[in-house]
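**Q** Each chain, written out:
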Amino acid sequence: MSRLIGSTVLRGAVGATGLLVVLEAAGRTGLIDTTFLPLVSTVLARAAELAVDGEFLAHAFASAEAWFWALALTIAVAVPAGLLLGVARPAEVAARPLIEFLRPIPSVALIPLAIMLFQNQLHMRMSVAVYAATWPVLINTIYGVRDVDPLAKETLRSFGFGPGSVVLRVVLPSAAPFIATGVRLAASVAIILVVTAEVVAGGINGIGIFINQAGSGNRVDLMIAATAWVGLFGIAVNALLVAAEKRVFRWHHKRLAGVS
Amino acid sequence: MLELVDLTHRYGTYHAIDRINLTVKQGEVVCVVGPSGCGKSTLLRSIAGLIKPTGGRVLLDGRPVESTPDNLAVVFQDYSRSLYPWLSALANVSLPLRRRGLDRKARDEAAMAALTEVGLGTAAAKFPWEMSGGMQQRVSIARALAYRPKLLLMDEPFGSVDAQTREELEDLVLRVCAHHGMTILLITHDVDESVYVGDRVVVLSKAPGTVTGDLTVDLPGPRDQIRTRELDAFVKLRADVGRMVRGMTNNNHHEVEHR
Chain A
1 MSRLIGSTVL RGAVGATGLL VVLEAAGRTG LIDTTFLPLV STVLARAAEL
51 AVDGEFLAHA FASAEAWFWA LALTIAVAVP AGLLLGVARP AEVAARPLIE
101 FLRPIPSVAL IPLAIMLFQN QLHMRMSVAV YAATWPVLIN TIYGVRDVDP
151 LAKETLRSFG FGPGSVVLRV VLPSAAPFIA TGVRLAASVA IILVVTAEVV
201 AGGINGIGIF INQAGSGNRV DLMIAATAWV GLFGIAVNAL LVAAEKRVFR
251 WHHKRLAGVS
Chain B
1 MLELVDLTHR YGTYHAIDRI NLTVKQGEVV CVVGPSGCGK STLLRSIAGL
51 IKPTGGRVLL DGRPVESTPD NLAVVFQDYS RSLYPWLSAL ANVSLPLRRR
101 GLDRKARDEA AMAALTEVGL GTAAAKFPWE MSGGMQQRVS IARALAYRPK
151 LLLMDEPFGS VDAQTREELE DLVLRVCAHH GMTILLITHD VDESVYVGDR
201 VVVLSKAPGT VTGDLTVDLP GPRDQIRTRE LDAFVKLRAD VGRMVRGMTN
251 NNHHEVEHR
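Going down the list, the protein sequences come from chains A and B.
The UniProt record's numbering numbers the first residue of the first sequence as 1 and each following residue consecutively.
The UniProt record's numbering numbers the first residue of the second sequence as 1 and each following residue consecutively.
The following block holds chain A by itself, in its conformation from the complex (with noise of 0.2 Å):
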């Protein structure tokens, strides 16, 4: 098992490198104009140049934190809701025809209106992400508390248990895995959002704004190398969220193993 996530960790870094190789070549023999786009070699240069670089860095810090409370607040907001509406039928019925209505609309569409109604730049930026992220959180939750197995609750209830009791301590800890499905979902879907609103609404500080600044300065290499660190965070986080899931939810994916 081990062996085979080794290969394929392999074969991954051995394809990224090739068309790094191949770019790198293709530069340096001026088949593609390096002021159109920089070297390979030069990009990252600069990307190792920005890890030390404190004006960068605090570019960085102000997505981060509007990532990391909007996700927060997500969850805070999200997983109750779903919570809620996968318990009870009627809410959910109720409830759908908004969801349905809400959730195809492109977040991105609504910055306009996220910046009139948010003056903090911190807020405006969470509530784009906060719209975005939500849904898988919502979904997820609420299709995670409809599977519960009903013997499982009525276990606890032939117990004595009220249905309080039964939500905390089986609905739960039952839906989790999937609760945690949709929080990694929406960790990336935050990302999207807090440098999509950087850039598009502008600001003090964030990575998006140092994008925008490297491209009024036709800093082509600084450009890229930004991106490419806002998506190596990307899949740091979401590469972090799967190995807590695999160890969190040992007993989910051990069960899962075992019926198959």
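Read the hints as simulated data drawn from the structure, not as lab findings.
Worth double-checking, as some hints may not be accurate.
Below 30 Å or equal to it, Euclidean Cα-Cα: the simulated DSSO-like pairs (lysine-lysine) are [stated by the list, open to error]:
{"hint": "1", "chain 1": "A", "residue 1": "K246", "chain 2": "B", "residue 2": "K126"}
{"hint": "2", "chain 1": "B", "residue 1": "K126", "chain 2": "B", "residue 2": "K150"}
{"hint": "3", "chain 1": "B", "residue 1": "K25", "chain 2": "B", "residue 2": "K52"}
{"hint": "4", "chain 1": "B", "residue 1": "K206", "chain 2": "B", "residue 2": "K236"}
{"hint": "5", "chain 1": "A", "residue 1": "K254", "chain 2": "A", "residue 2": "K153"}
{"hint": "6", "chain 1": "B", "residue 1": "K105", "chain 2": "B", "residue 2": "K126"}
{"hint": "7", "chain 1": "A", "residue 1": "K153", "chain 2": "B", "residue 2": "K105"}
{"hint": "8", "chain 1": "A", "residue 1": "K153", "chain 2": "B", "residue 2": "K126"}
{"hint": "9", "chain 1": "B", "residue 1": "K150", "chain 2": "B", "residue 2": "K52"}
{"hint": "10", "chain 1": "B", "residue 1": "K206", "chain 2": "B", "residue 2": "K25"}
{"hint": "11", "chain 1": "A", "residue 1": "K153", "chain 2": "B", "residue 2": "K206"}
{"hint": "12", "chain 1": "B", "residue 1": "K52", "chain 2": "B", "residue 2": "K105"}
{"hint": "13", "chain 1": "A", "residue 1": "K246", "chain 2": "A", "residue 2": "K153"}
{"hint": "14", "chain 1": "B", "residue 1": "K126", "chain 2": "A", "residue 2": "K254"}
{"hint": "15", "chain 1": "B", "residue 1": "K52", "chain 2": "A", "residue 2": "K153"}
{"hint": "16", "chain 1": "A", "residue 1": "K153", "chain 2": "B", "residue 2": "K236"}
{"hint": "17", "chain 1": "B", "residue 1": "K25", "chain 2": "B", "residue 2": "K150"}
{"hint": "18", "chain 1": "B", "residue 1": "K236", "chain 2": "B", "residue 2": "K52"}
{"hint": "19", "chain 1": "B", "residue 1": "K206", "chain 2": "B", "residue 2": "K52"}
Following the hints, position chain B against chain A.
**A** Below, chain B without anything else, positioned relative to chain A:
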């Protein structure tokens, strides 16, 4: 201690059980046996307060069962669904004890004692998915025992384990419940098991289920898988119950023969 008066339940137009009257005395082991679809599970859920019967009454210690009573525990057939996979065996057993107002230490001690009683003292830290089916059902039984219910309801508790485990678990339940003076209502479709385990066997008809027979099992205790099952009285009772389950008349049971 348990009294059912004209207990009736319909799911929409489906008539599951019809005017069931049954009295279970303190310390009795009563087996309810019937053909599949005779409303056995409906009966059990009504007694446990999990569903509200559409007619009749359930009295537990003289008081009507309104919601789920707290002096009762249920062991379900499907242990893999009724145990919580995110909890260890110990935590599964100790969870219901929160209802008993015990602190954590007392809960864990009581849970450990119950697990030891069913022979799982060394497996307390294991998770259900790390255990065999028989072990998992032992955990379910330990969970019910630790709760110290006055009435233990069992819904086909040995229906999903292999034959040998089944015999072990039958003896385990009889031994442990006799030790604690528990009253048991065990629902099964297995005629043989009902006679072996029960002090009394109650036979239900096909849906809508109603009581068609009530036999006292007058076999010497403690029961023994080999010796009890070879007794003439056991064989005769088994045939009687079998006939009743199939809805055959029971007036020539003295001519029962066995090969």
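**Q** Against the structure, test the hints numbered earlier, and report the numbers of the ones violated in rising order.
**A** Hints 12, 16 and 18 not satisfied by this model.
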